[in-house]
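Those sequence lines, one after another, are chains B and H.
Our numbering puts the first residue of the first sequence at 1, with every later residue one more than the last.
Our numbering puts the first residue of the second sequence at 1001, with every later residue one more than the last.
It should be emphasised that the hints constitute simulated quantities derived from the structure, not laboratory data.
Please read all numbers here as calculations on a predicted model, not as lab measurements.
Relax, there's no trap hidden among the hints.
Capping the alpha-carbon separation at 30 Å, the derived lysine-lysine pairs in DSSO-like fashion look like this:
{"no.": "1", "chain 1": "B", "residue 1": "Lys-422", "chain 2": "H", "residue 2": "Lys-1170"}
{"no.": "2", "chain 1": "B", "residue 1": "Lys-141", "chain 2": "B", "residue 2": "Lys-113"}
{"no.": "3", "chain 1": "B", "residue 1": "Lys-165", "chain 2": "H", "residue 2": "Lys-1162"}
{"no.": "4", "chain 1": "B", "residue 1": "Lys-181", "chain 2": "H", "residue 2": "Lys-1162"}
Partner residues aside, some chain B positions facing chain H, computed with beta carbon under 10 Å:
{"no.": "5", "residue": "Gln-81"}
{"no.": "6", "residue": "Asp-197"}
{"no.": "7", "residue": "Gln-254"}
{"no.": "8", "residue": "Gly-256"}
{"no.": "9", "residue": "Thr-260"}
{"no.": "10", "residue": "Asn-402"}
Glycine is no exception: its CB is placed at the ideal position from the N, C-alpha and C atoms.
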Amino acid sequence: MSTRTGTRRVFAIPLLVGAVLACAVTAGATTQKKSDQITVTMETLVNQKAIWDVMIPNFERVYPNITINISYNPNNTIQYQNVDTQLAAGNAPDIIPVAPGYGTPIAVHNFAKAGYLAPMVNKPWLKRLVPSVLARDKYGKVLYASTNGVGFYGVFINNTLFKQKGYDVPQTFLQLLSLCKKAHAAGVNTWLLGASDQSAPLVITMDIAIATVYAKDPNWEKEREAGKVTFNGTPGWHQAFQRFQEMNSAGCFQAGAAGTTNNSALQMFALGQGLMWFGITGQKAAIDASNPQFTYTFGPAPVADSTNVARDFYNPDVSFGVNAHAPQAEQQAAQQFIDFVARPKQQSLAMHILGDITQYEWLHSQLPDWMAPFKQALPLTTQPPPLITWWNADVGTVLRTNGVGLITGQQTVSGILQAMDKAFDEGPQ
Amino acid sequence: LESAEPTPKAAGRSTSGRLRHRRVQQVPWIFALPGFAAVLLFHFIPIGFGGYYAFTDWNGLTHAHWIGLQNFRDIAHNPTARGALWHTLILAFFFVVASNTIGLLLALGLNRAVKTRHILRALFFMPFAISPLAVGFIWQWIFDYNGALNRAFGGVGLGSWKQVWLGDPKWAIWTILVVMIWQFSGFAMVIYLAGLQAISDDVYEATLVDGASNWLRTRKVVLPLLAPAVTIAATLTLIIGLRVFDQIMALTQGGPVDATESLATQVYKQTFYSGRFGYGTAFALILTVLITAMVLTQIAILRRNESRL
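All chains should be built: construct the whole structure from the sequences, respecting the hints.
Encoded structure:
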């Protein structure tokens, strides 16, 4: 009797598992038959949540048979990790966040080369794109990504404090140094810098290099790839780093800048504790959230010798590709969502929520009022961050890691430039 | 004498009993199978793959190619990697010493009949229950140049004590150590408290009868009897110290200029910043071997001391 019971138990378990599986399969098939609803998965940064809280309901009203299931990553570091791991594991979302060009772990170039991105063909929004942005959304001659907005690097200006202290907003590097000395003597912070999380020295030195390297030789990148020039052998790169050091020596940065986080520097600016803060237009929302009453404008960084040369770079923003390994129906729905967001009104709405502008607005110089001081510099701003044009992510990592060393005394200009050359010479990723 | 051979009837019963017993024994194994498969699939196989990728040039996107010991040679020639190893050892050493000393002192203090001992034990243990990353971000706010610590110094007239805690290479690594000690001393305390409470009251009474002073009792009786707790606490804190990651990423991200890089942060950065998955797993393999070797050595030494005591 008990032997039979034991035998029954042994056979009962696989039978039970089989029954459950059969039910699951049948239920799945029934559900699929019942509805043509398609769910598109998507992943992006949490700082874009306000955009998608508006865009997704708008889209789902127009396309009721498509549901967008979005998830957010807290920052770029986690996003890089998640996207790379998901792609390698084969469970990446249908819409993948990407960064145009090379130089980042989610670069369009790398993903397209590895076959992870589906081509985008016959797109109605192509004619509204800036050629230099479009070029970086392509791999070879094929378009693989859609970039919705553009942010600009430059300085946020505390006009109230400038007026209160009787200072003029500097336009050139010499004017900046002069202001720094004067303000420092008066105990006023000129340029709020948050260097402890490493990204600020990276973007400032790259921004200065736009004036000292790229404005003088727009083909410098190609020459570097061909091995005709080097970072350490280019006077403009030395000048860029030296200017960063000169700013430090002239007292431009507040006390303890090397131990201040970028977020803390932003908070200080929003609280009116400095004349300028260097950042990207997309950070407007963070400043407004810190102090909604605070008023400011945004202008070009005063890091060049004159106002007639390029001295800032633009940053392509909110870029997405479609997962080439997703099922066909999901890929098609994902393309529809990307096309919907790229419609002029939707795109403009989305980018203004973030603090960016659309490429169309850029092409037609349509800047919001708070960016009025930047208008004159806009036609000159044609260079993307060098970081995304360098073929190897390690070059940016070297600069990011070592830039703060120019303030702390741990690094020399030549030391950093040599390390960047070494990283560049490792070749494309 | 009774025959050792079973009767045919008894033999038949015995065979069916054995069969039944075997089948009944099989059932728990069937239940254990999914769990065993999961552990194998998600724990041991990835470790095996990790070991393999350490010898490849895998970039996480395309196919991996076998490159032998090249990753390890690159690590040996990389000053950042050597610095990371040194920082890991420094942090682990001071962390083990400090967290165990503080934990032991707290345990000795709170093992008495103090009225507030239960609240105090909970308070000291509480940091351990918080995510290390969250702890790191809270302390980043404290150690920021404009943060709570420097403001407090300024507020009490000690403005000259202000430091660039996270941005000065002289201070950065010690600020990380402070955070680690703050978080994990309570954990060591709990282990030592458990050890202290396992010591019989008779032992204390015997030392009282013998007229031993508090200090003599602690040194000659309590500490030797705490040796097993020391082994456990020192081993666990050594493992925590060697794999330090969250606090560094939250506080300094390895900066300024690699001054706080550890092996674990290098694993992460090489893998996910630079996309050098093979190189990153080589770091991970080194870290695994290092932790295993150091922990086993430490356990062997402490166990030998335990048996001597």
